[in-house]
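These protein sequence lines are chains A and E, in that order.
Quick note: the first sequence uses the working numbering, first residue 1, plus one each step.
Quick note: the second sequence uses the working numbering, first residue 1, plus one each step.
What the hints contain is simulated information worked out from the structure, not anything from laboratory work.
Errors might be hidden in some of the hints.
Unchecked claim - Just the calculated beta-carbon pair ranges, DEER-fashion:
1) E:80 x A:601: 38 to 44 Å
2) E:217 x A:410: 56 to 62 Å
3) A:465 x E:278: 43 to 49 Å
4) E:278 x A:356: 23 to 29 Å
5) A:601 x E:165: 38 to 44 Å
Stated by the list, open to error - DSBU-like mimics (lysine-lysine), calculated; alpha carbons at most 35 Å apart, straight line:
6) A:512 x A:463
7) E:142 x A:463
8) E:186 x E:142
9) E:292 x A:512
10) A:420 x A:512
11) A:463 x A:420
For every residue, glycine included, the Cβ atom is placed at its ideal position computed from N, Cα and C.
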Amino acid sequence: MTVTEKTPAFGKTEPAPPRKRNRHGLVPRLLRQPGTVAGMGVLLLVVLIAVAAPLLAPHDPAAHNYDAVLQGPGVEHWLGTDDLGRDTLSRLLYGARVALLVSVGAVGIAMLIGVPIGLLLGYRGGWTDRLGSRLLDVSDALPGIMVGFTVIAILGRGLLSLMLAVGLIFCMSFARLTRAVTLAERERQYVESAQVAGLRTPEILFRHVLPNLTGPLAVQAAGFLGHAVVIESVLSFLGLGLESDTASWGAMLSLAAEQQAEQPFLPFPPGIAIVITVLAFNVISDGINDALMGGGRTSVSRRFRGTLKAAAAASADGTTAGQDRTGSTVGAGDSSDDSDAVLAVRHVTVALDGPDGPVPLVKDAGLTLRDGEVLGLLGESGSGKSILSRSVLGLLPRGIHMTEGSVRLGGEEIAGLGEKEMRRHRGSGISVVLQDPMTALSPVHTVGRQLCEPLRLHFGLSKEQARARAVELLTRVGVRDAEGRLDDYPHQFSGGMAQRVAIAMALAAGPKVLIADEATSALDVTTQSQVLDLLLELRDEFNMSIIMITHDLGVVAETCDRVAVMYAGQIVEVGEVSDVLHRPRHPYTAALMASSPSGEVTGGRLATIPGQVPPAGSWPVGCHFADRCSFAEDGCREHPVHLAENVRCTRADDLVLEVTKP
Amino acid sequence: MKTAPLTESAAPGTDDAPLLEVRDLSVCYRTGRAASWRRTDTPVVDRVSFDVRPGETLGLVGESGSGKSTIGRTILRLVDPVSGTITFDGREVTAFGRSTPLSYRRDVQAVFQDPASSLNPRHIVRDAITGPLRRHGRGSRKEREEAAAEAFHMVGLNPALLTRYPMELSGGQRQRVAIARAIALKPRLVICDEAVSALDVSTQSQIVNLLADLQESTGVSFLFITHDLRLVRHISQRVAVLQHGRLVEFADTEQLFRTTRQPYTRRLLAAIPATDPEGREHRRARRAAHRKAPNTT
Numbered sequence: 001m002t003v004t005e006k007t008p009a010f011g012k013t014e015p016a017p018p019r020k021r022n023r024h025g026l027v028p029r030l031l032r033q034p035g036t037v038a039g040m041g042v043l044l045l046v047v048l049i050a051v052a053a054p055l056l057a058p059h060d061p062a063a064h065n066y067d068a069v070l071q072g073p074g075v076e077h078w079l080g081t082d083d084l085g086r087d088t089l090s091r092l093l094y095g096a097r098v099a100l101l102v103s104v105g106a107v108g109i110a111m112l113i114g115v116p117i118g119l120l121l122g123y124r125g126g127w128t129d130r131l132g133s134r135l136l137d138v139s140d141a142l143p144g145i146m147v148g149f150t151v152i153a154i155l156g157r158g159l160l161s162l163m164l165a166v167g168l169i170f171c172m173s174f175a176r177l178t179r180a181v182t183l184a185e186r187e188r189q190y191v192e193s194a195q196v197a198g199l200r201t202p203e204i205l206f207r208h209v210l211p212n213l214t215g216p217l218a219v220q221a222a223g224f225l226g227h228a229v230v231i232e233s234v235l236s237f238l239g240l241g242l243e244s245d246t247a248s249w250g251a252m253l254s255l256a257a258e259q260q261a262e263q264p265f266l267p268f269p270p271g272i273a274i275v276i277t278v279l280a281f282n283v284i285s286d287g288i289n290d291a292l293m294g295g296g297r298t299s300v301s302r303r304f305r306g307t308l309k310a311a312a313a314a315s316a317d318g319t320t321a322g323q324d325r326t327g328s329t330v331g332a333g334d335s336s337d338d339s340d341a342v343l344a345v346r347h348v349t350v351a352l353d354g355p356d357g358p359v360p361l362v363k364d365a366g367l368t369l370r371d372g373e374v375l376g377l378l379g380e381s382g383s384g385k386s387i388l389s390r391s392v393l394g395l396l397p398r399g400i401h402m403t404e405g406s407v408r409l410g411g412e413e414i415a416g417l418g419e420k421e422m423r424r425h426r427g428s429g430i431s432v433v434l435q436d437p438m439t440a441l442s443p444v445h446t447v448g449r450q451l452c453e454p455l456r457l458h459f460g461l462s463k464e465q466a467r468a469r470a471v472e473l474l475t476r477v478g479v480r481d482a483e484g485r486l487d488d489y490p491h492q493f494s495g496g497m498a499q500r501v502a503i504a505m506a507l508a509a510g511p512k513v514l515i516a517d518e519a520t521s522a523l524d525v526t527t528q529s530q531v532l533d534l535l536l537e538l539r540d541e542f543n544m545s546i547i548m549i550t551h552d553l554g555v556v557a558e559t560c561d562r563v564a565v566m567y568a569g570q571i572v573e574v575g576e577v578s579d580v581l582h583r584p585r586h587p588y589t590a591a592l593m594a595s596s597p598s599g600e601v602t603g604g605r606l607a608t609i610p611g612q613v614p615p616a617g618s619w620p621v622g623c624h625f626a627d628r629c630s631f632a633e634d635g636c637r638e639h640p641v642h643l644a645e646n647v648r649c650t651r652a653d654d655l656v657l658e659v660t661k662p
Numbered sequence: 001m002k003t004a005p006l007t008e009s010a011a012p013g014t015d016d017a018p019l020l021e022v023r024d025l026s027v028c029y030r031t032g033r034a035a036s037w038r039r040t041d042t043p044v045v046d047r048v049s050f051d052v053r054p055g056e057t058l059g060l061v062g063e064s065g066s067g068k069s070t071i072g073r074t075i076l077r078l079v080d081p082v083s084g085t086i087t088f089d090g091r092e093v094t095a096f097g098r099s100t101p102l103s104y105r106r107d108v109q110a111v112f113q114d115p116a117s118s119l120n121p122r123h124i125v126r127d128a129i130t131g132p133l134r135r136h137g138r139g140s141r142k143e144r145e146e147a148a149a150e151a152f153h154m155v156g157l158n159p160a161l162l163t164r165y166p167m168e169l170s171g172g173q174r175q176r177v178a179i180a181r182a183i184a185l186k187p188r189l190v191i192c193d194e195a196v197s198a199l200d201v202s203t204q205s206q207i208v209n210l211l212a213d214l215q216e217s218t219g220v221s222f223l224f225i226t227h228d229l230r231l232v233r234h235i236s237q238r239v240a241v242l243q244h245g246r247l248v249e250f251a252d253t254e255q256l257f258r259t260t261r262q263p264y265t266r267r268l269l270a271a272i273p274a275t276d277p278e279g280r281e282h283r284r285a286r287r288a289a290h291r292k293a294p295n296t297t
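In isolation and in its complexed conformation, chain A is listed as follows (with noise of 0.2 Å):
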């Protein structure tokens, strides 16, 4: 029996798996903050209010009534009268609707102005774009007010100039922020492929540029109704607004700063609805802002924090929290004795809080990394194996959490540990080394001073003895010239050489578990090779032990004393890298063997397992591989599959599998 299964790709349709409903969209985010959705009820009251003016005002907001001026809050005017006995709660409901009308007028003429003069500075570039740029930097020289003043002195006094002076004020906010997002769109490729396409440029830029400025633009234009608002009362209080016997918020203020001596009520009723309207908009604006962030404001859980504790001496024990487990009583994952194991990962399951309650990312998972030696964890994405690694650093990220399982480090139980007291273990106990090595150095310092600061903590060195020791650890790690690169910052590096100096670091205080995940995945070939081979060396001179992250086989086949292979969240082989390879136990395994390519064998079609990894949340209830493999049976998919004898596969003792090439 063979894994090497005929290829259904070509003509050949794949199920569309259902649509789902998309929880992630823009306004169902929105409608998850309560503050944003206070700002949008409000705001729905100010509009209403607007319409409804005429139905709402218990007076004509004109009628002047001689026998009532200047009178404060009453029976008959409920928030008083003016100098001219009009009815102040009648102007205020009115007033709503010229703030409305300029601010949206205003806005609207803004972004109809700036939006494509940024539009052609961002994708054109060049010269136009310097020139245009320092324009607006004239035009920002200019103090809007003033801009405003012209405006209205040339066109005179009515709503359409008044919007008018209000939009030129911030067409160019629009035109400097269409430009920045354009330019950092023109370099996705989706513009490119239009470019390719043959596509003409206005095409480019409102078809498809444009729409993916809306989230920017919409947070701009909320902050911006805001303060249209405001700018509206400033003109309308210095007299530039509109003719005074149309109620405006503005020319109330004005108005009750003349009478201030008489009746001191009067700024009150305008100035609070200025304020909260402006409120509204700039929650909503945050709000938007938030939503296209994705940052929801949730804290950290730690509710899970005490159940772990339980869960892990539980475990520990040898008997598990509460779950039923047929089979392997030791580790689900990795049987191995764990008398001389450096790190013990025992049943660790990992979820994330999702809307409908936890999404398992890791079931029921187990590791064994003994003495020096170099475990390979061998999986695609979203089989769980980079969230593994960092349950067993303790740097989940948010939302995700170890709800099941112990890690022993040397012994000692570190699941469930607080931020300091894990710290403790961090570097010296257990150090990682990240695919991008840019986020493990930071980009302010020098390479150096990131590299003596954990030495003087650790080994509580003088400054010049970290110096020294920096050096030997960099030329130690392949770095030329380490003393006069100490003082580089990270970016004056290469990818292989930020690589080393990110490897460095982590050795930096004498970690012995090093967890390498996906280290050498993002550099060249050679540099690969190079890296690879240091990490082994460094290995016997440290002592220390290896846990290899990788997608690929390769990887794992040159550096890897064993390996464990994952699929969709769980383990399903585990051996000596030699069995494992040549024997594959699992279909997964062979499967995935077949496919990668060799690169030994010149042409040929490679071997392709059909259809996806289920994403979390989407496994099935049996084997997680079974609706891939071709030789599950129908008993495959009924109850779900344990790890015995190493293996995660109710099949394994009947099949034979070859991994025949390509």
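Assemble the complex: chain A is given as a structure, and chain E must be docked to it using the hints.
This is chain E only, laid out in the frame that chain A set:
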């Protein structure tokens, strides 16, 4: 066996009339402050020559910074060359001037590395196919939508996915959409710039087979730009190796992998991790010895 130097046409194998011919191509990037008078031009591609035959897959390999992507982008007219010529089907592409003829935009398509960024996140994926068809004046709206469904069928995607947004698809599905977009115009050359590098192994093999099938049924040529030599051996008939913007070797795939004498190519090949752990100590020792020896490049 043919190895460097290769400034002259050193195309190995038979003498088909090439579809694409690149001669002495040089490209520079401007560095230094954008608005400064004193700008320096850094060469990223230096007098590179190669050709692509009809129905062929040519692998263009090199490490990061070797200029391989820049060559692809120059052929796509996203970057302007400093000197040299690119000829496509007898027409000199480098003499087109500012505007690119629509026929060239139809004949030469691209599949980029990151399908998430090469599809407009705000458009349903069908638009990625119908938009270019409309620009090229193909059929009515209904016919274009049918053509999109047909292209989806060819790349093995369910037509029900036509109205989805890119975010709703998996990485492999997005890359299939990108390929559907590229082939919908029935091009003669597709530039695949690291087109499968971001995909998982099991998805990658599906896409690679798909490309081979499409080539078989349509006779399209591929310029397959990648850093992955293992893949190149599988899919390309000839390979061009770049180092620091220069072409160091241009040979038949089998020849190159078996018998190359070019030191840089040998170094690249030696660095490919084997998928069999057997003999790794030996390989490691050999690499260590090689590194201690004076640098060959």
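For each hint, the structure was consulted:
1. E:80 x A:601: 38 to 44 Å: Roughly 40 Å apart at Cβ, these two residues keep to the hinted range, so it holds.
2. E:217 x A:410: 56 to 62 Å: 59 Å, holds
3. A:465 x E:278: 43 to 49 Å: Since residue 465 of chain A and residue 278 of chain E have Cβ atoms about 45 Å apart, the given range 43 to 49 Å holds.
4. E:278 x A:356: 23 to 29 Å: 48 Å, violated
5. A:601 x E:165: 38 to 44 Å: 39 Å, holds
6. A:512 x A:463: 25 Å, holds
7. E:142 x A:463: The given pair, whose Cα atoms are some 74 Å apart, is violated under the 35 Å limit.
8. E:186 x E:142: Holds. Residue 186 of chain E to residue 142 of chain E sits at ~18 Å (cutoff 35 Å).
9. E:292 x A:512: 29 Å, holds
10. A:420 x A:512: At roughly 19 Å apart (the allowed maximum being 35 Å), residue 512 of chain A and residue 420 of chain A satisfy the hint.
11. A:463 x A:420: 25 Å, holds
In terms of the numbered hints stated before, the structure departs from hints 4 and 7, listed from lowest to highest.
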